[in-house]
Amino acid sequence: MKNIWLERLSPWILTLVLIILWELIVKGFGIARIVMPSASESFYAIWEYRDGLLNSSLTTLYATIIGFSIAVVFGVLMGVAIGLWRPVYVTVYPLMVAFNAIPKVVVVPILVLWIGAGLQTSSVTAFILCFFPIVVNMAVGLATIEPELKDVLRALGAKERDIVIKVGIPRSLPYLFASLKIAITLAFVGAVIAETVAGAEGIGNLMLVASSNFNTPLMFAGIIVIAAMATGMYGIFAIMDSRFTGWATRGSMNFATAGG
Amino acid sequence: MAFIEIEDVDLVYRNSFGHEVSDGTLALSGANLTMERGEFIALVGPSGCGKSTLLKVVSGLIRANKGKVKVAGETVTDPLKIVGMAFQNASLLPWRSTRENVLLPLEIVEPHRQNFRLDKAHYEEMADKLLATVGLEGFGDRAPWQLSGGMQQRAQLCRALVHEPELLLLDEPFGALDAFTREELWDVLQALYNDRKCTVMLVTHDLREAVYLADTVYVMSARPGRVILDKKINMPRPRKLEDLYSRDIADLIQDLRHHINVARSDQ
Chain F
1 MKNIWLERLS PWILTLVLII LWELIVKGFG IARIVMPSAS ESFYAIWEYR DGLLNSSLTT
61 LYATIIGFSI AVVFGVLMGV AIGLWRPVYV TVYPLMVAFN AIPKVVVVPI LVLWIGAGLQ
121 TSSVTAFILC FFPIVVNMAV GLATIEPELK DVLRALGAKE RDIVIKVGIP RSLPYLFASL
181 KIAITLAFVG AVIAETVAGA EGIGNLMLVA SSNFNTPLMF AGIIVIAAMA TGMYGIFAIM
241 DSRFTGWATR GSMNFATAGG
Chain X
1 MAFIEIEDVD LVYRNSFGHE VSDGTLALSG ANLTMERGEF IALVGPSGCG KSTLLKVVSG
61 LIRANKGKVK VAGETVTDPL KIVGMAFQNA SLLPWRSTRE NVLLPLEIVE PHRQNFRLDK
121 AHYEEMADKL LATVGLEGFG DRAPWQLSGG MQQRAQLCRA LVHEPELLLL DEPFGALDAF
181 TREELWDVLQ ALYNDRKCTV MLVTHDLREA VYLADTVYVM SARPGRVILD KKINMPRPRK
241 LEDLYSRDIA DLIQDLRHHI NVARSDQ
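Protein sequences, first through last, are from chains F and X. Per this note's numbering: the first sequence = residues 1 to 260. Per this note's numbering: the second sequence = residues 1 to 267.
Hints are not guaranteed to be accurate.
To give an idea of the interface, some chain X residues facing chain F are shown, with a C-beta separation under 10 Å as derived from the structure [to be verified]:
| id | residue |
| --- | --- |
| 1 | 56 |
| 2 | 72 |
| 3 | 89 |
| 4 | 107 |
| 5 | 108 |
| 6 | 229 |
Hints were generated in silico from the structure; no laboratory data involved. From the three backbone atoms N, C-alpha and C, an ideal C-beta is built for every residue, glycine too.
This is chain X alone, in the form it adopts within the complex:
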C-alpha cells in the first residue's frame, strides 16, 4: 500500500476568519500523487502553482476542500505528528542557541516532551551528534545569528530531523543560498536521506536539485495546480555531482524544463 495517497484534491484558500475568499482562488484542482514509504520525490512547476500548498495539505496544516488525502493508510484531518519541515527561511529562534533550536521539536513531540527535562543531557548529546553529521560540530553553543546562511540551513535540517520523523517536507530549503553552498547542502541532505531512509517531499524551483536528489520528479501545472507529469530518475545512489553532467541527465532536465515552460504558457 502506498505511504501517501493524494486523489483528486481541490483546495480553495480561505481568509483569516475561515471563510472561503469570495473570488475563490483555487490553489489546487484535481491533484493526484502517490508515494511509497522511503521514497524521495521532488515537486517542480511554475511559481504560484500550489507546490507549497500541496505540501501543507499532506502535512494536514490545511485541509483539502475535496478529494482524498491519506498518509500511512489514515485519512489526514489534523496536522500530522510524524512530520519534520524545513523552509527557505531558516527561521531559527534568535534567543536560543543553535543546539536549543535543534531541540525545539523534542520539547513538543511526545514521548520526548515528557522526558525532556529529566533527560536533557541525553537529548543535548543527541542534538550535538546530529549537528556534527551536517558539519556543524562545535557550533551548538553559537547563537543562530552568528551562523552563515548555509550553516543556518544545516541547523534547520537538524531541527526538522531531530525527532526522527517518518515524513520530511522541504519547501525550497536551499532557495536563498548561493550555488556552491546549495550543492554542498544537496550532499548533506543526500547523506541524511541515505542514512535514515525517511520519506521526503521536496518543493523546489531548481530542476538540477530535483533530479539530483529525487527518485521521482513531479511536474505541476500552472494555478490551479495539479500533477501533469512524473519522471523516474534512474540514477544509482549515492549520487555524485558529476552525474548531473551526463548526457542522459542533461536531456532529462531539458525535457522537464520544456514541460514547465508549456505549463507556464497555459497561464
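Chain F on its own, in the form it takes in the complex:
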C-alpha cells in the first residue's frame, strides 16, 4: 500500500526537489535576474501576468485543439486507407515520410504567405506536426492483423467489412491511443512554433515579446505554463487510453504465447 503511494508521488517529489534546487542555485550563486530568474520569481511572474498568460495560453490551447482534432479525423481516415489498401500504402507512404522529414519551422513562413498570421497558422502548423504519427499508428494496427485470423473469418464467409469491424478497428485502438498521447504534445509544439515564428497571437508570441523586453521571468513563466498544459493534455489521453484499451497492456499484442 505504502509503495503504491510512493510510486504515485515520486514524480511530484522530483518536481518539487528540482524547483527547490533551481531556487537555491539561482539565489546561492547570485545569478542575475535577466539571465535566469529564480523559481519564486518565475512563479510570481505567472501571478503578475496572469491575465496575459491566461489569454495567450487559451489561444494556444484553442489552436492546438483545432489542429489536433482535424489531424485526428484526417489521420484516422488516411491511416485506415493506408492500412487496408496496399496500393495506397506503396503510393502515399514514401511521400508522407519525405514530407514528415521537413523541419516544420520552415513551413510556417510559407503558411503566413498563404493564409496570414493568426489562429489559422497556428492550427495548421499544429495539424502538420501531429498528423503523421496518427496515420502511421492507425495504419500499423490495421495492416498487422494476423493472417490466420483473417483466414478464420474469411472461411466463415466474412466480408472485408466484417473483418475490419470485428478485428481491425478494436485491434488498432491501442495503437491509435498511443499515437494520440504523442500527437497532442506535438500539436502544442506546432502551435507554439507558429506563434513564435509568425508572431500569431498566443503564448509563443508572448514569449517573443517578453524576450525583446528582456523580461526573463515572464519567459520562464510561459515555459512553465506550456509544460503544464501539455502534460495535462497528455494525462487526459493517457487516462482514456487505459480506460478503453486496458487489455492491450495486460495481454500480449502479438499473441506469441504458447506452451503448457
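Knowing the structure of chain F, use the given hints to seat chain X on it.
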C-alpha cells in the same frame, strides 16, 4: 460420391497485387486427394511442401491455378461457408473474453448472424457447454491472456466448431505445445470428432499425431507438393495412447518416416 475431390491441382503463389510472382514459386503441382464425408485425414510431409496451401485451396481461401477442387459436389470458387479452422497460433482476440471469442463465428455465419443479438443468452449457453466439453468449464469470462497455451488451443477448437461446420481444417493446431499437453489435446480432438462426425483435414509435422487421429495419412512430396502416398490406419476408435506403442503402429510410423525422408532428399 466423395465429399472432397482434388484432381491434378497446381498452385502458383501471387503477390499482394494479385499478379503471379515472377519466379513463379510453384507450391502445388498435380496434387490429388479424395475424401469421404466424415473421414479424418492427416497431411504430413517435408516442411514447405504445400500442406497448408492445400488446406487453403480446399477451403476456397486461395484458388487453384489448374485442376479440379470439389467439396460436397460443388466446384470451389469462393471461400466455403461450411468450414471451421484452427491454427498453430490460437489467435484469440485479446479484447474479448474467452466466451466471446468462441462466439465470434456466430456473429458472422448465417443464420446465426441474424439471430445473434436476440438470442444472445441461448448462444452464450451453447458456448459455455462447448467450453465444458473441452475442459474449460467456468473459463468463459476469462480473458484469453489469462489462459495457458494449451487452454488457448482448446478455446480455439471451440471457436472452430461452434457453428457446427461440416468440414474442420486444422493447420498444426498443437505444434507449439509441449508433449504432454499435446497428447491431452489429441484426446480432446478425438472426443469432439467421435461426437460430431464432421470431416477433418489435419496438417501436422508429428507422425504419431497423424497416425493416432486420422483414418488415412497422406504423405506429400517436397515442393512443389503433391500426394505421393496414402496409408489407411486400421486402429479401432476410440483410440488410446497405448495403441501407439504396439508393434504394428510403430512399424507404420517408421515406414511413414522413411517416405518423408526420401521426399526430403529429393529437394
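**OP:** Just pull the numbers of the violated hints for me, sorted ascending.
**Re:** 2, 6
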